[in-house]
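Q: Letter by letter, the chains look like this.
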Amino acid sequence: MLQLFLLMSLHVVVLFFLFLKIEKKQSLLGGTKSFIRILPIVFIIIIFIGSHLGFVPQNQISKIAGEQAGFWGILLIALLGAIVHIPSLIAFPLAASLLKNGASVTVVAVFITTLTMIGTITLPLEIKELGKKVALLRNGISFIMAIVIALIIGVIL
Amino acid sequence: MKENIKEKQKKGMMRDIIFLGIAIVIAIILISLFPEKREVVTASSWEFFIEMIWILPAVMVLMGLFAIWVSKETVVKYLGETSGIRGIFFAILFGALPTGPLYVAFPVAAVLIKKEAKISNIIIFLSAWACIKIPQEMVEFQFLGLKFMAARLTLTIIFVVIMGLSIEKIIK
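Going line by line, the protein sequences match chains A and B.
Numbered according to this note's numbering, the first sequence spans residues 1 to 157.
Numbered according to this note's numbering, the second sequence spans residues 158 to 329.
Just chain B, with the same shape it has in the complex:
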């Protein structure tokens, strides 16, 4: 059984590496077709690469620690089947904390699912992470005004909760 999973992971890895190769080839073709874009593309790729290099290992280490230190009981208590409205509240709160970009949240969510958090709470957590971030709301307030920010924030929270609950229903 364990061998089987390993085999599958290996296959998935091979497929990813092949896709990576294709992506590199396409990027090289595009750049050689439009040489004037080269600088922008390499510069922004590099910038993003540096960002990832800094963030991802830290996230992975934290995930490892989280997996061991935070017990399943705690996750079940705050985000599990019986957590109810409190679970929704915590999911939004965790998501809204000023943390990294959305791709950081995926491994976090994966660990939470493994520890039996409710699917609806996971969806709410991810969505809150994506668009209810506290610093982001502040920038929105600054540039688009209080009315716009408050309206969008309220509506987003309402719809995110509805979406979480309905995705859970669909999956079950």
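Chain A on its own, in the form it takes in the complex:
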């Protein structure tokens, strides 16, 4: 609720500035244009996120993460983190409960890192804005990086 309020005030502030600088009106136009351009992809993402929240329940995720161990388990968790979309405010309590239930530090670290770094669902949007090469490289290397980071954490903690 607070967030919505903040955003609303942001809208008001921006509009106020726009009125002050009427001659900069084209900036608003340019913004609207690029907004419409990405609209279909945004809707696709909304549908995807909606359906997978419905079909991949959270207790299923923690069950998988709790049971997996070894390199292949870590790989699986990394993939899971890359694909699902959980807001980070929910992800951290989830990760904490994983740790409590006996999951290793490595598994939790890899899950959080791929979860935040990689957005498979938002990948179409990323490709559209930044190009295929940058988007795929970023997500691909992030995936490897997440595993390396998690392995190091597993060693030092």
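One or more of the hints may lead you astray.
To be verified - Keeping only pairs whose Cα atoms sit at most 27 Å apart, straight-line, the calculated DSSO-like set for lysine-lysine is:
#, chain 1, residue 1, chain 2, residue 2
1, B, Lys165, A, Lys132
2, B, Lys229, A, Lys133
3, A, Lys128, B, Lys271
4, B, Lys271, B, Lys329
5, A, Lys133, B, Lys194
6, B, Lys304, A, Lys133
7, A, Lys132, B, Lys326
8, B, Lys272, B, Lys194
9, B, Lys234, B, Lys326
10, A, Lys133, B, Lys168
11, B, Lys229, A, Lys128
12, A, Lys128, B, Lys165
13, B, Lys272, A, Lys133
14, A, Lys128, B, Lys194
15, B, Lys271, A, Lys133
16, A, Lys132, B, Lys167
As the list claims (entries may be wrong) - In silico negatives: residues of chain A with every beta carbon more than 12 Å from chain B:
#, residue
17, Ile64
18, Phe71
19, Gly73
20, Leu79
21, Leu80
22, Ile83
23, Phe92
24, Gly102
25, Leu115
26, Gly140
For the record, the hints were derived by calculation from the structure and aren't laboratory data.
Note that the Cβ used here is the ideal one computed from N, Cα and C, for glycine as well.
Keeping the supplied structure of chain A fixed, place chain B upon it in accordance with the hints.
A: What follows is chain B alone, placed relative to chain A:
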């Protein structure tokens, strides 16, 4: 030339709309196969839709303003070819500020690229936005403890910088 770009954009738009249609059809089929999931799916889609409706137009307006008010020289100075370590620092700092979800960062990054920011800084900026957010670190600290948070944060910063530099090398 301009006509050509317009034509291409139109084609891309058509393709996106077709994909959207496919996604809707799949969602409808899934829901009718599993009617008990309907409520969760529509509720979470709706929630996310509202979030997008609030955030995206504001972002787009800001992007428009940014495109006009922030000069290319400023971006080049702080994030451009010659920005060096200072550029990396600013990229992480901008990314870590408490802002919206990752998909908001893509249009920001696109504008920065247009204004000749360095590719490595863009990657670092995006990654920082994704997983070095200040409020996120605080939640991580609260739930997983200082040691875990500090270790993951330090390692992430190191690897993100390495990744940014190597992606830049690969692309060039």
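Q: Tell me, in ascending order, the numbers of any earlier hints that this structure violates.
A: 5, 6, 8, 14, 23, 25 and 26
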